[in-house]
Amino acid sequence: MLVACDQNHVSRNKTLDENRMESKANSSNQGSEAVQSETISKETAFVQNSNELEIIVSINDQQFLAKLDDTKTSQALLEQLPLVLDMSELNGNEKYYYLDFNLPTQSQKPKQIQTGDIMLYGDHCLVLFYDSFTTSYSYTNLGSIVESDAFAKAVGTGEVRIMIEQKID
Numbered sequence: 041m042l043v044a045c046d047q048n049h050v051s052r053n054k055t056l057d058e059n060r061m062e063s064k065a066n067s068s069n070q071g072s073e074a075v076q077s078e079t080i081s082k083e084t085a086f087v088q089n090s091n092e093l094e095i096i097v098s099i100n101d102q103q104f105l106a107k108l109d110d111t112k113t114s115q116a117l118l119e120q121l122p123l124v125l126d127m128s129e130l131n132g133n134e135k136y137y138y139l140d141f142n143l144p145t146q147s148q149k150p151k152q153i154q155t156g157d158i159m160l161y162g163d164h165c166l167v168l169f170y171d172s173f174t175t176s177y178s179y180t181n182l183g184s185i186v187e188s189d190a191f192a193k194a195v196g197t198g199e200v201r202i203m204i205e206q207k208i209d
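Residue numbers for the sequence shown, in the numbering used here: 41 to 209.
Since the hints were made in silico from the structure, they are not lab data.
Be aware that a few hints might be false.
Keeping only pairs whose Cα atoms sit at most 16 Å apart, straight-line, the calculated EDC-like set for lysine to aspartate or glutamate is [as the list claims (entries may be wrong)]: (1) LYS193 / GLU129; (2) LYS207 / ASP126; (3) LYS107 / GLU187; (4) LYS151 / ASP171; (5) LYS207 / GLU94; (6) LYS112 / GLU94; (7) LYS207 / GLU119; (8) LYS207 / ASP109; (9) LYS107 / GLU94; (10) LYS107 / GLU205; (11) LYS149 / ASP163; (12) LYS112 / ASP163; (13) LYS193 / ASP171.
All values reported here derive from a predicted model rather than from experimental measurement.
Using the sequences and the accompanying hints, generate a full structural model.
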């Protein structure tokens, strides 16, 4: 499945290279800055979209779209999906679950946690945050839940069963 993503990534890069060549030809023929600006905008949009992988986080009958960063950690997590996790409550701001497998880490101290952040604590503790706060702990960032406020309401207090699966278009 990840191979298909890589193939799309390569074919989109070729398209961007072709756009760059067209842009140069058009700007030399027409002197148009608008064409170059449009190409740059498309390239920027591509960079933003290609760095995200989509998953669905389900709680009871509610589904929440989440976007993962395109990292080794996120890709390793995707290979383990789908997962059904009975996540525990901690500090009134996070749900966590100790996975049965380790993931590669790139931990950093984010200082500020945002509602909807998805992170890895250590190499096998998956954490979904449902409140914003400051922290001195280190985490590996995985991504975030798009509708974070609705997610925060849905998780409630105490333990919650969550299903995580890759979004398939």
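Hints and how they fare:
For the hint pairing LYS193 with GLU129, the CA-to-CA distance comes to about 14 Å; that is within 16 Å, so the pair holds. Note on LYS207 and ASP126: the hinted pairing is violated, with a Cα-Cα distance of about 21 Å set against a maximum of 16 Å. For the given pair, LYS107 sits about 11 Å from GLU187 by alpha-carbon distance, which is consistent with the 16 Å threshold. Among the hinted pairs, LYS151 with ASP171 is consistent with the structure: their alpha-carbon atoms are about 14 Å apart, no more than 16 Å.
A threshold of 16 Å between alpha carbons decides the hint, and for LYS207 with GLU94 the separation of about 6 Å falls inside it, so the pair holds. Taking the CA atoms of LYS112 and GLU94, the gap is near 15 Å; set against the 16 Å cutoff, the hint holds. With a CA separation close to 13 Å, the supplied pair LYS207 and GLU119 stays within the 16 Å bound. A distance of roughly 14 Å separates the Cα atoms of LYS207 and ASP109; the hinted pair therefore holds under the 16 Å criterion.
For the hint pairing LYS107 with GLU94, the CA-to-CA distance comes to about 5 Å; that is within 16 Å, so the pair holds. Our distance criterion of 16 Å between C-alpha atoms is met by LYS107 and GLU205, whose separation comes to about 12 Å. With a CA separation close to 15 Å, the supplied pair LYS149 and ASP163 stays within the 16 Å bound. In summary, the hint linking LYS112 to ASP163 is supported, as the alpha carbons are separated by about 12 Å, within the 16 Å threshold.
With a CA separation close to 10 Å, the supplied pair LYS193 and ASP171 stays within the 16 Å bound.
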